[in-house]
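Protein sequence lines correspond, in order, to chains A and B.
Residues in the first sequence are numbered consecutively from 1, following the numbering used here.
Residues in the second sequence are numbered consecutively from 1001, following the numbering used here.
What the hints contain is simulated information worked out from the structure, not anything from laboratory work.
For clarity, every value in this text was computed on a predicted model and none was experimentally measured.
Some clues are possibly wrong.
Facing chain B, according to a computed beta carbon distance under 7 angstroms, are these residues of chain A, among others [stated by the list, open to error]: (1) Tyr184; (2) Ala188; (3) Asp191; (4) Glu192; (5) Ala195; (6) Arg197; (7) Leu199; (8) Gly200; (9) Ser202.
Derived DEER-like restraints, expressed as beta-carbon distance ranges [to be verified]: (10) A/Val296 to B/Ala1233: 51 to 61 angstroms; (11) B/Ala1030 to A/Arg179: 32 to 42 angstroms; (12) A/Gly108 to B/Gly1066: 31 to 41 angstroms; (13) B/Asp1134 to A/Arg179: 17 to 27 angstroms; (14) A/Ile295 to B/Asp1134: 27 to 37 angstroms; (15) A/Ala12 to B/Arg1110: 28 to 38 angstroms; (16) B/Leu1063 to A/Ala117: 39 to 49 angstroms; (17) B/Gly1041 to A/Pro102: 34 to 44 angstroms; (18) A/Lys107 to B/Gly1041: 20 to 30 angstroms; (19) B/Thr1170 to A/Ala117: 46 to 56 angstroms; (20) A/Gly108 to B/His1196: 31 to 41 angstroms; (21) B/Val1141 to A/Val300: 22 to 32 angstroms; (22) A/Ala12 to B/Thr1170: 48 to 58 angstroms; (23) B/Arg1117 to A/Ser2: 13 to 23 angstroms.
Footprint (simulated), chain A over chain B, 3 or more residues, beta carbon under 8 angstroms [what the hints assert, rightly or not]: (24) 1061-1075; (25) 1088-1101.
C-beta atoms are modelled at their ideal positions from N, C-alpha and C, and glycine is treated no differently.
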Amino acid sequence: MSRRAKLVWLAAALVALLFPLVAARPTWQNTAILMLMTAQMGVAWNILGGYAGQVSLGHAAFFGAGAYVSTLLSIKLGLSPWLGMVAGAGVSAGLSLLVGWPCFRLKGHYFAMATIAVGEIVQAVVNGWEFLGGAVGFYLPLQEKGFWGFVFNRSKLPYYYIALGLLAFSLLVNWAVARSRTGYYLRAIKDEPDAARSLGVSLTRYKQTAMVISSALAAMGGTLYAQKELFIDPGSTLSTSLSIKMALAAIMGGVGTLAGPVVGAVVLTAIEEASRVAFGGTGRGTDLVVYGGLIVVIAVFQPAGILGLFASRRGPARAAPAEAPAKEAA
Amino acid sequence: MSPLLLEVRGLTKRFGGLTANEDVSFSLSAGEIVGLLGPNGAGKTTVFNSLAGFFAPTSGDILLEGRSIAGLPPERVAALGVARTFQIVRIFKSMTVRENVMVAALLRHRAVPVARRKADEALAFTGLSGRAGDPAGQLTVAEQKRLEVTRALAIEPRLLLLDEVMAGLTSSEVHEAVEMVKRIRDRGIACVVVEHVMEGIMPIADRVVVLERGRVIADGPPAAVASDAAVIAAYLGEEYRAPGP
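Bound conformation, chain B alone (with noise of 0.2 angstroms):
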């Protein structure tokens, strides 16, 4: 088994009176893509929040390489390789899709001209060079999301978290982007996705992990997951139950 890339111990997070995550953990390993499942408010962007820095957890751990990066502000974990998107998109509009890039692409490489380059690359790898030098407020929603997957990709991690990318999107535009993650894991960086969309995430996912309520209460292969009892009644419903043994 390959080592761990990031590993989640008893992550509790509080609001208040509010508990939005309890005692959850799971891994990771490098260039594996784990699905983040659960109804809505069942604590997913929360998690997202705190492995991304943008909430010091109540108590518990996360560990990237060995390292705790819990607690840390975001930019720190940006710089350590943990890069994330939004659930609603949060792209630069005052900029083109390439300047979009560019901010990222300069967390590497501090020279404007080479930050232009490895934006440009990413642009590619992700097929919006044809865009990249429109304002990118004039792109559709789905390539808004693309757009930010593409910058997330520009500061080089080794950690992806993809919050609700293909919410909204149609069947095709899903189909197209299971297989842009695909090529991400593929080029060795780690995901952690989270989906409602089913036919995104099932086919892609080595591993899923279901959280209701703030706890996690399945963690498996997506086939073995899908025909656990307590996630169906907890939200998957009948339609999803694999075919039995």
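Pulled out of the complex, with its shape left as it was, chain A reads as follows (with noise of 0.2 angstroms):
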């Protein structure tokens, strides 16, 4: 990591530890908390679809995956959310396990289908398991028993700095597989899977590391949304809608970038929150809207993301198409 890199990432992190601290307002505060969750799910998806360049449009069901778990463990067993988080990491890990050893056999467009795929089966099913709380969904019950109780109802302060740790501890995941071997095969895969293939990388093994780590990280997001919400269903926590907002939020940044979920979560969270404003309660959908429009402009102008517009004046873009520095050169 460069010098002036390392600045920006200090900089980014003593932000946002100061930040609730200085904007008191709940509705600020609550705005800051869904940058930091979006971020940290934006992560989670870009170490699969921006990495190894696997889009997966599914992933909302390792999000639920974890959401669910830790809920079933806390209501049923009454095991701590913290527990169950770890939990609902494995389980998702598992669930990923069998997705990918079909999914994989299919390359570009076809796995991005079959993913969606996925995501729908699962919501359907849990739609349809009364055990798992059908269309109605869990509340969790509302009453603060510390920090092992993960419920914190008298200020959002905690939920911010539980979810500020928790896209740290992402980022700093992503970070130790991006320099890795598994991160170097990773982006090969992406690039050239023949070449990769060539030179011993084995395409089913690594994509399928990839996806287990970016399904756990998923799940943890996962169960932050359960305790923060405090009630869960599959509308809320399995939608393909949600899925596209993962990958939604790594694309708009710069995809296989570390930095691109961050800043594509802040500008997506900020979208979101100002057409709420301006469409109020009827704009249910609007957020669709945005979406639909967002994934045009940025795959006709800017297909880098946000990074990219930095990236291309001090030199060619790393994530750029592999045309643009080809036509400067003729």
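Make the complex out of the two chains shown on their own, each in a separate frame, by following the hints.
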């Protein structure tokens, strides 16, 4: 990491740590929490979708797995949601193995379509399964039992710092993966899968590794969501629009980069909140219109995302389309 | 005679009704350079794809030091010491030149810093050190081909399959490529070279195998093959007829 990048990260961390102390209004804090949670989801998605280039549009299934596992363990067995978070990550990783085994036989768009199907199937199963709350979902008891209870209703601050901590942890995992052997292999698989194989890289093994890490992190975000909202149902934790949101945060900021999903999540959440304020309660579904519009704009004008704008000023963007530098050279 | 490194026995590959290779047999000793020649569509790249694990042969066998590798996936074949380049270059464009080679070096050296050092050694060997930090997409075609060779070498193979690494190069670049292949052989790595550029392959090949319509029509030292009437008719043209005895 360059000196400049380190300084930017340090500054961002300071701002994030001090923000809720400066901005005391609950609505601001709530928006900031949404940004952190969206960023964390985006980072989780980015490991598989950005670094390994395997675009999943069913990641809500993993997010939901985290939310449902911790909630069930908490309601039925009285287990601390913190342990539920770990269990949820494990269940989600296991689920990703089941999903990956057939889906990784497909490439490119076909993989993306298969993951949409997986997301929809999981949603349909939960909708029809009484044990999992069916379409009604679950309410979690609104009573504080200290840190291990993972319920805080007097102030939003604990959620803010937990969300920040989880984002920091996810970024740390991402950073460690990116600079490891696996990280190099994932980028190679994304660029030229056949060439990667010819150099001894097993596609299935490393795609699966990325998916296990990605789904486990997504599940941890799911547990945090459940504990913050104290209510989960298939619509809020398993929907395809949530899957798209995870992908969009990363794509908007810049796929395959550490900071991309964070930048994307901040901008995306700001746009969402603004449209919610503008359209009010009648605006249900406007977020989908916004997502659709953003996807078109990014695909047409800025495939490298927001970070790509800065990169192209300093030189050819790493994530920019391959033709761009060639044209400049010619 | 040195022990056989590679033995191809009766290799046949069909795609539906199309027979790309039929009963192809040849062998290679350690440290040998064999040229694989033939007109377009003769099945040279299909042989490569079968050797490198990208195709499973319809019948026949491929032995690497006596062990069958036919039908193994590419990553396993690579781990056993067979490296390849691609006819149409497939470099990792979002990475730097050094990172491209590191991906390969990581096969034998799991620690990233060690792989980086090995990658730099390989880049020095092929003369690309000056470009190590550049994005791979910025290289010229000749450099991209050299990068593919560098990457293949970095998996520390016993057998290197070079697929038209000299096509489209200027004559001085061909000369450099020839020198590089010789230095690779001098390191004890055997090479199978698919090439249309005769100036590139004839002077360095120990033996030449000529394919036509999927079958082997000649196998022998370059001089003998170049004077073979069938080969001249199929492929070379009168220009390359070796002076008669």
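- prompt: What are the numbers of the hints the structure violates, in ascending order?
  reply: Those not satisfied: there are none.
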